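Chemist: Sequence:
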Amino acid sequence: MQQELLADPEASKTGHQQTQARLAASRRRASGALVFPRVPETSPAASGYEPVELSASATLYSFTTIHPNPKTGEPPFTVVYADFAEGARVFGRLRLSGEVPRIGMRLNVIVEPNTDGQICYFFVPASEVSP
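In the numbering used here, the protein residues as written are 287 to 417.
Hints listed in this document are in silico derivations from the structure and should not be mistaken for laboratory results.
The model shown is predicted, which means the values in this text are computed figures rather than measured ones.
Heads up, some of the hints might be wrong.
Computed spacing ranges between beta-carbons, pair by pair [unchecked claim]:
1. S348 - V321: 13 to 21 angstroms
2. I389 - P362: 24 to 32 angstroms
3. T328 - R379: 37 to 45 angstroms
4. E327 - E372: 36 to 44 angstroms
5. T401 - I352: 14 to 22 angstroms
6. R314 - I389: 37 to 45 angstroms
No residue lacks a Cβ here, since even glycine has one placed at the ideal position from N, Cα and C.
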């Protein structure tokens, strides 16, 4: 599934800890509805979809902060639904550096490898991403 996550898989290989990226989605040919992540080319349904590259930024639609059980030692984290100009609504984690999330705020997508080397995407406030 990693190949289907990013519109440009090479974007994650820049050597930077965080890289701004565009997500890859699919548009259903029959209805025009968007789905994320992109439908794999090996899927039996693939012929019914066309690939779409989502914008680099989105708008915060909804959010909640999860407070894991204190026994886990995990800190609270925020998850969001973000709306893209193309019509897709994507779920993901929001990384904040002191800013409080606000419905309607502009978000950018960043990617970085996790501890297993898998590429993960996150949303960050647009003000925290340099071009």
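Chemist: Now, for every hint given, state plainly whether the structure supports it.
Modeler: Hints versus structure:
| no. | hint | result |
| --- | --- | --- |
| 1 | S348 - V321: 13 to 21 angstroms | holds, 19 angstroms |
| 2 | I389 - P362: 24 to 32 angstroms | violated, 19 angstroms |
| 3 | T328 - R379: 37 to 45 angstroms | violated, 27 angstroms |
| 4 | E327 - E372: 36 to 44 angstroms | violated, 20 angstroms |
| 5 | T401 - I352: 14 to 22 angstroms | holds, 20 angstroms |
| 6 | R314 - I389: 37 to 45 angstroms | violated, 28 angstroms |
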